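Novice: Residue-level listing of the chains:
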Amino acid sequence: MMASADRRPLSGIRVFEISIAVAAPCCGKAMAHHGAEVFKVEAHSYPDVARAFGSAWARDAELADVFCDTGPYVPEMSAGKRSVGLELKQPEALEAAMRLLATCDVFLTNFAAPGIAELGLDYESVKQVRPDIIYAGMTGFGVDPDKPYYPFRAFGPNQAPLVGWDALTGFPHEEPAGIPSIAPPDYMGGLHTMLAIVTALHERDRTGEGRFLDISQLETTVSFLGPYLVGQGLGVPEPFRNGNRVSWAAPAGIYPCAGDDRWVAVEVPDDEAWQALAGLAEWSDVPAHDASGQAALSTYPHGTLADRIEHHDAIDTELADWTSRRSPQQAAAELQALGIAAYEVLNHTGVLSDPQVHDRRPYSIAPSPRLGRDLFVRNPVRMSDTPPYVARAGPNMGGDTVDVLTEIGYADDDVDQMVADGTAFVDARPDVVLERPFDRWYESVGIAEFYDAEGNITGGNQ
Amino acid sequence: MSAAQQGHGPWSGVRVLDLTGLSGAYGTRVWAALGADVICVEPPGGNPIRSMPPLAPGHDGPEASLWWAYYAASKRSVVLDPTDAADAASLVKLIASADVVLDDAMPATQQAYPWLADAGEGGLGVAGIVERFPHLTWVSITPFGMTGPRRHWRSSNLIAWASCGLASTVGFPHGPPLAPAGEIGVLMHGASLHAVIGSMMSVRARNQAAAAGEPALGQTIDLSLQEVGLWLSPETGVPLYLDDQVPRPRAGNRRPVTSPMGMYPASDGYVAIIAIQPAHWNAMAQWVHELTGNEGILDEIFIDIVVRREALEAVDAWVEELTTRFTKQELFVEGQRRRIPITPVNTVGDLRHDPHLEAVGWWRPEEHPVLGTYTVPGSPFTTDGDWWAWQRAPMLGEHTDEVLSRASLGITL
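So the sequences go chain by chain: A and B.
The opening residue of the first sequence carries number 1 in the working numbering; numbering runs sequentially from there.
The opening residue of the second sequence carries number 1 in the working numbering; numbering runs sequentially from there.
Just so you know, the hints here were simulated from the structure itself, not pulled from any lab data.
Quick caveat: nothing in here was measured; it's all calculated off a predicted structure.
Incorrect hints may appear among the rest.
[As the list claims (entries may be wrong)] Where chain A lies over chain B, by a calculated footprint (3+ residues, C-beta under 8 Å):
#: 1; stretch: 39-53
#: 2; stretch: 56-70
#: 3; stretch: 174-185
#: 4; stretch: 294-307
#: 5; stretch: 311-319
#: 6; stretch: 351-365
#: 7; stretch: 389-403
[Claimed, not checked] The calculated DMTMM-like cross-link candidates involving lysine to aspartate or glutamate, where the alpha carbons are at most 20 Å apart (straight line), are:
#: 8; chain 1: A; residue 1: K89; chain 2: A; residue 2: D414
#: 9; chain 1: A; residue 1: K147; chain 2: B; residue 2: E330
#: 10; chain 1: A; residue 1: K147; chain 2: B; residue 2: E334
#: 11; chain 1: A; residue 1: K89; chain 2: A; residue 2: D421
All residues carry an ideal CB built from backbone N, CA and C; glycine is no exception.
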């Protein structure tokens, strides 16, 4: 696709990203999908954890120098970006960064505020080289040194406990289960940042002026508790973790199915769906499980939501008996036919064989300089006329340094000298192209669209 | 008057028709406070959010829900009855005047408005509407997308977490999978942010096409809750699994990777600790030593995370000797001073009184003609500009007359 024909909304926008882990990288990746040119400026002296993780199969002394390009988080977080290797603690590298920044529209970081200031990339410094820069700083606790948590370190997995999500995850009679293995607060921070950046671009179109965007993870993620926080001032009881139940629909829960560790999620949305469920002939043989001898599925077909919430335990017992005699897919299909929201609780292999995933292909396979081609999740915003995509998977660490420095005016000799000095670096052995162990399954796995280096879909797999 | 009517905010001049419930509400709330004219089109009985508990104590009726009070902030409310021909015509006029329509109730919306039915079923379909009004972006937020064998299946926040693979990894090994943060609706909020970002992108693409003298560029956006879930959980997604072939079973609130890692009891609740890096461990061990006189914990052998994994129970017990002596806030402040990543496992009540949120002046009072005065959270992020214009949520049909009296006349399908 010719650049001039690219009608995507961020076509022509240049983004300078200095980032770690998830929160800023997922924002930059989404911007790349919408057409922005995103420069991930990285360093060996403080590598992104996505580089440090690498891939288990590439843990080999022979591959030590290219290990940083092998991790699956590299495409998941940085597909479509260009990687510029600059050791910013050295003055010549910082100068190169400033020359690059002078050509950029957006500065994106989730380094801690004190750390980014130490590197010389605080807002005032960046603004000097690019007065209309849109500067998005994602911090744990804001940029005001006088505020209590300013010096505290925000650390991905520690965010969910801090902002109240962990305490609300679990059953009332147990310790909080929390969500230690996943990081939704980081993704939500990334989405807020993207919304803020697009807003600032929209504003800049009219005013010609840049913006400083202070995205403090604490406030963005606590914002999701709004109704309950408002309730605290009005005498509403504090919410407590309540398993998979909700206050506005019942029954709701995750129920066991036939097989080992197989489950189905069920939520009965309204009275009509409840009556359809309670009206099934099966219940006539089921004894009531409620201590009061009433109000379970078998005896209580016309209950109101309040009744169903009151007798939720008894309903759960009977419904679990019903689901445990079915496979998750069968249970979900039968319940959906009654107008009830239900789905198999998919694990990794479940996602791989999910019919909807096979039909809609929510993953991408795109060319990768280190891996030939690579797999990562697509942007879910399916726009009919300007669909988001990227034409390249994860970049090699430092793989675009020479091209980018040349583009911003460095002579070949200067670039060579910076690489020789170690102020800049390039990717290790670019001729080494590896293959993921599952690469040969791509054609048969059926969950991804294939993109070529021009961004065209090349047919997908069967 | 809404923020948009005052011409305030970066998105002033952009009109958004909000036909969504929970999967759109958070994002359109933010957009409205940034100046977009967000008009909630409600049926005579009100948007379903208006009945979601918690309700303000002592109140019932359409203004009582705190979900509505929070999520409809800065929006306007127009009531239209789909069964009334004049109202249905008014909706068409509103669509003609809007830049973006967001909907999360297909196919029910199509049943309410027959002209929205798919082309094969006697209507124009969403694509046909955008063709008729080519300045328009129409966003459909649906459980599983607008295509595919399960496009008509129902969903919810819980079901979406189940369908994307993430719920299977949350919870204790002995118990069922869990939705993260329960009924808070984190995935729905994520969907709403994607929907609004996509809308903003589409408006931008349209404006750029217009500036370049190209034909009008309206479009449809198809957003699936299941795919939103896949996007925000690569940790549990297919590419990671295919790469390492390591299943990710539920492991409760501690990760048996090393110690301390996960949730530990405080005197008044729990804290979360992550001490992987040697510096973090050394600071933790020193603190335990100072407090309990434990000499063994200072042994250099424990700097190795693998040794701490093998001695998991002993190390956990030593750490708990410390954590149980303090409140979670004390552990947070002192732990952070010692450069150890410790955070409190906060409850909603804790956050309402959090010293940092107080110090940054986050909370603000809001007055409501029915509910009185109450305190609401501040903006989700800040800028050096004058961006935010927060207004209380609209009462049911509060803006019907003022909006319809200005709607373009004479526009029909």
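Novice: Run every hint past the structure and note whether it holds.
Specialist: Structure-based check of each hint:
Coverage of a stretch by a chain is defined here by at least three residues with a beta carbon nearer than 8 Å to that chain's beta carbons; for the stretch 39-53 of chain B and chain A the count is 3, and the condition holds. Three residues within the 8 Å Cβ limit are the bar, and the stretch 56-70 of chain B against chain A gives 7, so the coverage statement holds. As drawn, the stretch 174-185 of chain B meets chain A at 11 residues by the rule of a beta-carbon pair under 8 Å; at three or more, the given contact holds. For the stretch 294-307 of chain B, the stated coverage by chain A is not satisfied: 0 residues place a CB nearer than 8 Å to a CB of that chain, which falls below the threshold of 3.
A count of 0 residues in the stretch 311-319 of chain B with a Cβ less than 8 Å from any Cβ of chain A is obtained; the coverage claim is therefore unmet, three being the minimum. Evaluation of the coverage hint for the stretch 351-365 of chain B: fulfilled, as 8 residues show C-beta separations to chain A shorter than 8 Å, against a requirement of three. Residues of the stretch 389-403 of chain B with a Cβ under 8 Å from some Cβ of chain A number 0, which does not satisfy the need for three, so the listed coverage is violated. Distance hint between K89 of chain A and D414 of chain A is fulfilled; the C-alpha atoms sit about 18 Å from each other, no more than 20 Å.
Restraint check for K147 of chain A and E330 of chain B: the C-alpha separation of about 17 Å stays at or below 20 Å, so the hint holds. In summary, the hint linking K147 of chain A to E334 of chain B is supported, as the alpha carbons are separated by about 16 Å, within the 20 Å threshold. Taking the CA atoms of K89 of chain A and D421 of chain A, the gap is about 13 Å. The hint holds against a cut of 20 Å.
Figure legend: structure checked against the earlier numbered hints; hints not met, in rising order: 4, 5 and 7.
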